[in-house]
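K.L.:
Here is what each chain is made of, one letter per residue.
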Amino acid sequence: MNVDFDPSLEAFREEVCAFLDTAPTDAIREAGRKTTSVFAPFEATMEWHRLLYARGWAAPAWPVEYGGTGWSLEQRYIFSEEHWKRDLPPLLPNGLIMVGPLLMELGTPEQKRRHLPGILSGKDYWTQGYSEPSAGSDLAALSCSALADGDDYIINGQKTWTTLAHKANKMFMLVRTNRDGKKQQGITFLLLDRTDYPGMHIRPIIGLDGVAEQCEVFFDNVRVPQAGRVGAENEGWSVAKALLKHERGGAAHSPAIRRKLDAIRAAARDATASFGGPLSEDPVFQRDLGELEAEVASFEHVEKLVLSGHALADDPAMPSLNKVMSSELSQLLSIMMTRVAGIDALPLQLEALEVGSGVQPLGDPFSLVAMPYYLNTRAASIYAGSNEVQRDLISRNLQTLRA
Amino acid sequence: MNFEFSDEQVMLRDSLSRLLDQRYAFELRRRIMAGQAETGIWSELVDMGIVAMPLPEACGGLGGSASDIVAISELFGRHLVIEPLLPSVILTGRALARFDPAGPVPQWIADIGTGALRGAFAHEEGSGTGASSTLSTKLYEGEAGPRIRGSKKLVLGGGEAGVLLISALSETKAVCLAAVPADAEGIEVRRYRALDGRPVADILLHDVAVDRAAIMAGADAELEALLADARLALAAEAVGAMAVLMATTADFAGTREQFGRPIGSFQAIAHRLADMKIAYVKARASLLYIAALADSGRATSRDISVLKAQVGRLGRETAQGAVQIHGGIGMTDELPVGHYLKHILTIDGLFGNTDYHLREIGRVVAAA
Numbered sequence: 001m002n003v004d005f006d007p008s009l010e011a012f013r014e015e016v017c018a019f020l021d022t023a024p025t026d027a028i029r030e031a032g033r034k035t036t037s038v039f040a041p042f043e044a045t046m047e048w049h050r051l052l053y054a055r056g057w058a059a060p061a062w063p064v065e066y067g068g069t070g071w072s073l074e075q076r077y078i079f080s081e082e083h084w085k086r087d088l089p090p091l092l093p094n095g096l097i098m099v100g101p102l103l104m105e106l107g108t109p110e111q112k113r114r115h116l117p118g119i120l121s122g123k124d125y126w127t128q129g130y131s132e133p134s135a136g137s138d139l140a141a142l143s144c145s146a147l148a149d150g151d152d153y154i155i156n157g158q159k160t161w162t163t164l165a166h167k168a169n170k171m172f173m174l175v176r177t178n179r180d181g182k183k184q185q186g187i188t189f190l191l192l193d194r195t196d197y198p199g200m201h202i203r204p205i206i207g208l209d210g211v212a213e214q215c216e217v218f219f220d221n222v223r224v225p226q227a228g229r230v231g232a233e234n235e236g237w238s239v240a241k242a243l244l245k246h247e248r249g250g251a252a253h254s255p256a257i258r259r260k261l262d263a264i265r266a267a268a269r270d271a272t273a274s275f276g277g278p279l280s281e282d283p284v285f286q287r288d289l290g291e292l293e294a295e296v297a298s299f300e301h302v303e304k305l306v307l308s309g310h311a312l313a314d315d316p317a318m319p320s321l322n323k324v325m326s327s328e329l330s331q332l333l334s335i336m337m338t339r340v341a342g343i344d345a346l347p348l349q350l351e352a353l354e355v356g357s358g359v360q361p362l363g364d365p366f367s368l369v370a371m372p373y374y375l376n377t378r379a380a381s382i383y384a385g386s387n388e389v390q391r392d393l394i395s396r397n398l399q400t401l402r403a
Numbered sequence: 001m002n003f004e005f006s007d008e009q010v011m012l013r014d015s016l017s018r019l020l021d022q023r024y025a026f027e028l029r030r031r032i033m034a035g036q037a038e039t040g041i042w043s044e045l046v047d048m049g050i051v052a053m054p055l056p057e058a059c060g061g062l063g064g065s066a067s068d069i070v071a072i073s074e075l076f077g078r079h080l081v082i083e084p085l086l087p088s089v090i091l092t093g094r095a096l097a098r099f100d101p102a103g104p105v106p107q108w109i110a111d112i113g114t115g116a117l118r119g120a121f122a123h124e125e126g127s128g129t130g131a132s133s134t135l136s137t138k139l140y141e142g143e144a145g146p147r148i149r150g151s152k153k154l155v156l157g158g159g160e161a162g163v164l165l166i167s168a169l170s171e172t173k174a175v176c177l178a179a180v181p182a183d184a185e186g187i188e189v190r191r192y193r194a195l196d197g198r199p200v201a202d203i204l205l206h207d208v209a210v211d212r213a214a215i216m217a218g219a220d221a222e223l224e225a226l227l228a229d230a231r232l233a234l235a236a237e238a239v240g241a242m243a244v245l246m247a248t249t250a251d252f253a254g255t256r257e258q259f260g261r262p263i264g265s266f267q268a269i270a271h272r273l274a275d276m277k278i279a280y281v282k283a284r285a286s287l288l289y290i291a292a293l294a295d296s297g298r299a300t301s302r303d304i305s306v307l308k309a310q311v312g313r314l315g316r317e318t319a320q321g322a323v324q325i326h327g328g329i330g331m332t333d334e335l336p337v338g339h340y341l342k343h344i345l346t347i348d349g350l351f352g353n354t355d356y357h358l359r360e361i362g363r364v365v366a367a368a
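Each protein sequence line maps, in turn, to chains W and C.
Quick note on numbering: the numbering used here labels position 362 of the first sequence as 362, and the sequence is numbered without any gaps.
Quick note on numbering: the numbering used here labels position 71 of the second sequence as 71, and the sequence is numbered without any gaps.
The set of hints was computed from the structure by calculation and includes no laboratory data.
As the structure is a computational prediction, the values presented were derived from the model and not from experiment.
Where hints are given, some of them may not hold.
Partner residues are not named here, just some residues of chain C that face chain W (Cβ under 7 Å, in silico) [what the hints assert, rightly or not]:
# : residue
1 : G63
2 : G254
3 : G260
4 : R261
5 : I263
Here are some of the chain C residues that sit facing chain W, going by a computed Cβ distance under 10 Å [as the list claims (entries may be wrong)]:
#  : residue
6  : S6
7  : E8
8  : A66
9  : R212
10 : A213
11 : H271
12 : D275
13 : Y289
14 : S305
15 : L307
16 : A368
Cβ atoms here follow ideal geometry from the backbone N, Cα and C, with glycine treated the same way.
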């Protein structure tokens, strides 16, 4: 057994640190400090994307032939660790982690040529059109329709939880092309070259945190080219499952989670306990912090075992296990953040949270983000397959293996 | 990074598993716990080299590493083994090997390695934490040499031991370890069994004379190392027990029918099974990671506390879930489920329970 990264990677770590210490602009750093969601503040984060692209590091998980870094899992973990340690905004995931890798696997040569460069460079941002008002966890129940008409499809219906659709210039989506047979059949995966086709209407949704991060998108006889179809017509369900594999696979979450715990520890030293004295010396707080530390440590151990290639990595339930563990740990951390912030979490400070607003927060920077992060993170156990659905999968897998 | 057992460890685990399947089958458990079953398992463990394995090579052992101990202890947990490998060899034998090799010490180590002599680590005094700050047993200078006075509780294997390794404070409050023959004058042993059938004893030390050659003074670091080994080995046992609980409960939920369908098809049961899997994956990952850290000599007391707290908390969750899913039959002594619950509860109580370790982690982390 051996817990160490390959020692030759120390030079790599230094190279990463040198860049991360110097390259980000003030706006990018501010965006990182004000990140209260999986989706960091849009404009500054896209600026960071383009700086990383210029350095050749925009896509740590992409193979070299598509302009990625070709880094090993260990290198990606090191990069992620150093990135989070500096509170930098994580790059937006839809292009880099979802549709990009999907196109590498299933796109036509023309689709790859047309779309991958813009995803990599940060010229384009993609939104995901999956959920509908009546199709959430039961995604296959989707009904937004596409009718073939010449070389086009004509789309009618509605999508919702299309994250950042109002900022995106591209969209990938699932549409219903056939209503006969099983509901998983008759679904088709489409790429939309624009988000401003005639008949397309985007309405932002204000979330619990007061921010318009989500949107709903309405389609009224929207005509799009069939050339944007990935895979065969009516075969979109298997395309979506392939995408899910990319969405849930690979990226380590523990560096981000560790960073949150570090921030909590630091803030607790300046906070006062209910019955006096520093919060960090309060026995009840210490016990609860100890439990969080233990849970964070175990999650790090799980991810390190997986990235070392331990047999655990081949557990078919691992994507679901990781999703449940990371989302629920984020929620526990978010609760602890609001506890440590105390009444400083109560002022509503939407303007101070905006990058470049120049509005000074009332409390410290930790307290500014505590409540918005808590509120936004309620979604972690709902999106990307609710944790109830994940537990169904984990349990089914466990019972099948034993049967 | 590599967290797999080595080929040698896998081979050893395979043969140990085969042995325990035969000689430690659950059907024998009631008789094993009553001390009536002649399993012959101890001499088999000697023959397989497992008893000597944890000792340094210079003492006739195989220089067993932390991951070696974990590899074996995990299987002990799977089979509810209550043989005294931990108190005798992993704790007493290995600690004695770090004493100056003088007086009776070398012979004790040799005899522990052949299995002829059993040792026990007499440390607990009632706080349940293992912390050296709670020690009150005294090692003092009597008229005819050093003597030891105090009382120890819940000493694993204390009733069967021929030699006792005792933690104590010197007259200057320094942490010491002293080894004495268990039949020395002034030692009173009260034997009983712990919740999970482990033979244990309370040991009263009435001004017992100690051979000066069998004292290690300034033993703070040594005591910490002993506690770390004990916690690591017990955590491995707990993870082994969790694996069995998870597997047997999933089997049961797939076959037990109520309302005309397997109970595992109900979401309330399914989600509890999923939580058992999540708990197991976390506990086992921490076990392997921290074993690897310990192999490289870098496991801190915080790492060990994380492991002990996680198996205590997650183990209890798992075992309680297993009893609940089994329903009424889970409440009976006939089924292994309750035995695993009691194994896990006993492990949690030894050398600091979940609450102690969580508070300790939080204290260290908050100050860091």
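K.L.:
Evaluate each hint against the coordinates.
P.N.:
Here's how the hints hold up against the structure:
1. G63: C/G63 check fails; min Cβ-Cβ to chain W is 15 Å, beyond 7 Å.
2. G254: Hint holds; C/G254 Cβ to chain W Cβ min 5 Å, cut 7 Å.
3. G260: Interface hint status for C/G260: violated (17 Å vs cutoff 7 Å).
4. R261: 13 Å, violated
5. I263: 11 Å, violated
6. S6: For C/S6, the interface hint holds, since the closest Cβ of chain W sits about 8 Å away, which is under 10 Å.
7. E8: 12 Å, violated
8. A66: 9 Å, holds
9. R212: At about 40 Å, which exceeds the 10 Å cut-off, the nearest Cβ of chain W leaves the hint on C/R212 violated.
10. A213: 37 Å, violated
11. H271: At about 4 Å, which falls below the 10 Å cut-off, the nearest Cβ of chain W leaves the hint on C/H271 intact, so it holds.
12. D275: Holds, about 7 Å.
13. Y289: Holds, about 4 Å.
14. S305: Holds - the Cβ of C/S305 comes within 10 Å of chain W, reaching about 8 Å at its closest.
15. L307: 9 Å, holds
16. A368: 7 Å, holds
Checked against the numbered hints above, the structure violates hints 1, 3, 4, 5, 7, 9 and 10; every other hint is satisfied.
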